[in-house]
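A.B. asks: Dock chain B against chain A, hints included.
2 protein chains.
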Amino acid sequence: MLQISNRGQLMPASPIRKLVPFAEVAKKKGTKVYHLNIGQPDIETPKLILDAVRHSDFKVLEYSHSAGNESYRRKLVGYYQSVGINVDYTQIIITTGGSEAILFGMMACMDAGDEIIVPEPFYANYNGFAVAAGINVIPVTSSIDDGFALPGIEEFEKKITAKTKAIIICNPNNPTGYLYTAAEMEALKQIVLKHNLYLFSDEAYREFCYEGQQISAMQLEGLDEHVILMDTISKRYSACGGRIGALVTKNKAVYDAVMKFAQARLSPPSFAQIAGEAAIDLPADYFDTTKSEYKSRRDLLVKRLNAMEQVFCPNPGGAFYAIARLPIDNADKFSQWLLEEFSFNGQTVMLAPATGFYSTPGLGFNEVRIAYVLKKEDIDASMDCLEAALKVYPGRTF
Amino acid sequence: MLQISNRGQLMPASPIRKLVPFAEVAKKKGTKVYHLNIGQPDIETPKLILDAVRHSDFKVLEYSHSAGNESYRRKLVGYYQSVGINVDYTQIIITTGGSEAILFGMMACMDAGDEIIVPEPFYANYNGFAVAAGINVIPVTSSIDDGFALPGIEEFEKKITAKTKAIIICNPNNPTGYLYTAAEMEALKQIVLKHNLYLFSDEAYREFCYEGQQISAMQLEGLDEHVILMDTISKRYSACGGRIGALVTKNKAVYDAVMKFAQARLSPPSFAQIAGEAAIDLPADYFDTTKSEYKSRRDLLVKRLNAMEQVFCPNPGGAFYAIARLPIDNADKFSQWLLEEFSFNGQTVMLAPATGFYSTPGLGFNEVRIAYVLKKEDIDASMDCLEAALKVYPGRTF
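Chains A and B are the protein sequences, given in the same order. Note that numbering that gives the first Met the number 0 has the first sequence beginning at 0, numbered continuously upward. Note that numbering that gives the first Met the number 0 has the second sequence beginning at 0, numbered continuously upward.
Keep in mind that a hint or two might mislead.
Each pair may be met inside one copy or between any two copies, as identical chains are not told apart.
[Stated by the list, open to error] Derived DSS-like pairs (lysine-lysine); straight-line CA-CA distance at most 27 Å: (1) K294 <-> K158; (2) K27 <-> K74; (3) K74 <-> K26; (4) K26 <-> K374.
What the hints contain is simulated information worked out from the structure, not anything from laboratory work.
Bound conformation, chain A alone:
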């Protein structure tokens, strides 16, 4: 018998995507499924971006530079300046989505058996990339009861061992929507300096902060050698399918090591680099419009959830996710049941069970992640479904 590798067996199925086959079945039965499980916004990709690709007039779809087109990297310097991050174009590597930036960062800085600390719940695919890289994810648990604030320094220090090489944060956070405060970023800086760790900072949702403003890890003084920024255009410009991201670091040795991984895969996608480069020319008010749309969706979602019996959803400060605690026995079973057995007026809702966002076993069983990526009318309709479902779900706990 041929064997699958241990890592192939250990590799987690995506908690966001593993229920897709059940959604397909629901759709084949004629049920409308509201996708609140995945961060796929319904907001239109700016026409300017798509048109840049549509009006491109090259004759050969060539490889680009392994670090991405120089013209794009140079323009990104201006984008980063506009958000208070000072970098040079030689400190930027264009990646195939933020995904590849995460994988490359882990690969270049960590060996098999090394440990990375992450506040949980966390973006589930960190698990996948960690398994691919053979590294161990060590969670520090944050709690829904205080809105998923960063756990105290002492909680991190309890987890630091000789094998700890890095801390990874996502700010504003996916899946919790939590926006780290200045004090929390300063605390992270102190831990990183004291224990000589890398700080991987996933800032995919930088622009989407509804009350405060994001503090980038790249803005922390004295951390130039420590910080590896993982970025993506996916959410920023509603361009998830482009698969364009970036790894940014001022650490030259890390940059050079990452470049070798980048060379092995030749280049990031050419069409979408054109889109990414064009995006930098969007008018300054682009984010105002999208942000205010997301804010009103968030407000609606949180209000609807907290109005349901025994449901609790802290108000997320950024990104476009919320985690809600539901009166259910098991979020995986409930999410599958919503697709397989439930419908309300011919409709149902697809959620992401929060269990997949925790690595501590037993956590998240009564929580789900909800992406408020659909228009308010759809959020309302999907909350109608959820509310009705919670009244009849056989595993409800009230």
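C.D. replies: Chain B only, in chain A's frame:
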């Protein structure tokens, strides 16, 4: 001091791309550089393909299915049928270039410390993906003197250990251009069956065979559980920048494991999937035209090389690469010297030193890989450069 990981240090720089900075310097001096170092064809990407992207009219650049668009996978079944490969669309995963198919195959089937046997010289980036996956590449050496034919079974058996999990071939071969015979494919089948190995088959150059016809590993009877096909549109349609490939396997367990890696990175690039899908509608004579162009380039290149004093280049049966033996001390030094110090009528040529394609130390020092991806006029001009260079290179050996 923060450390780079061991694998980050071990990761080889691309032998194809590591000389890029020297080429940039040559260009800044005003020297024209003929790029024979990289498989980037100058053949125009078919307009039909580019137009499919340009005329696309979606509003949101969405994630696709992690296995790629179902419509594309279904059409690929027809493409594979047309080349004698019978597969179902549920046996295909669209990947980000052939690169990702190689990485995913290694990750899903092999663990750190496992061994993969490969006839050398071999596509250098197998090294990169192997380092990323922590697996060991075990070479079986083929020789320029017999045109890089597959070494005998006994050479493979000498290398097989308890840690051997797979053999990887590229057919027709990059970097040698060698096309495996029916007898050689049968020999591989016997080894794979006897020792219960995976057979990874990189068939990027399937259509480019100038005398014989390719036998796909997927056509070998009784190997359904063993074969993992790694494919790409890059060379087939001169669409390298799209970053679209495929992993194809009838082994359900491997497919399912690869899908988990595919889910972690969300989806392959959306724009280029449109291009790939459109490519299947190209007229049947598309490959006749490109093939005859490549054949005439090959004929010119091989003739020019063998006419040079003490240069030997076996006639490659497929792909668009040739390896030539040159009367030089060191292919790396020579290739760098061509860019840094040499020019002929204001022109020079960029080659890929063959050392990077061998893993046995000391091999390939007097060989270079030449990609005949430029039009005949340019091949002629670049051979003029090479011929002149060999007369004055300080490290020449005659």
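A.B. asks: Look at each hint and say if it fits the structure.
C.D. replies: These are the hints, each one checked on the structure:
With identical chains, the CA atoms of K294 and K158 are never at most 27 Å apart, being 35 Å at best within one copy and 62 Å at best between copies. When the C-alpha separation of K27 and K74 is checked against a cutoff of 27 Å, the pair qualifies only between copies, where the shortest distance is 21 Å, while the shortest distance within a copy is 45 Å. For a Cα distance limit of 27 Å, the shortest separation of K74 from K26 across copies, 23 Å, qualifies, whereas the shortest one inside one copy, 43 Å, does not. In this assembly of identical chains, K26 and K374 lie within 27 Å of each other by CA distance solely inside one copy; the values are 20 Å within and 52 Å between copies.
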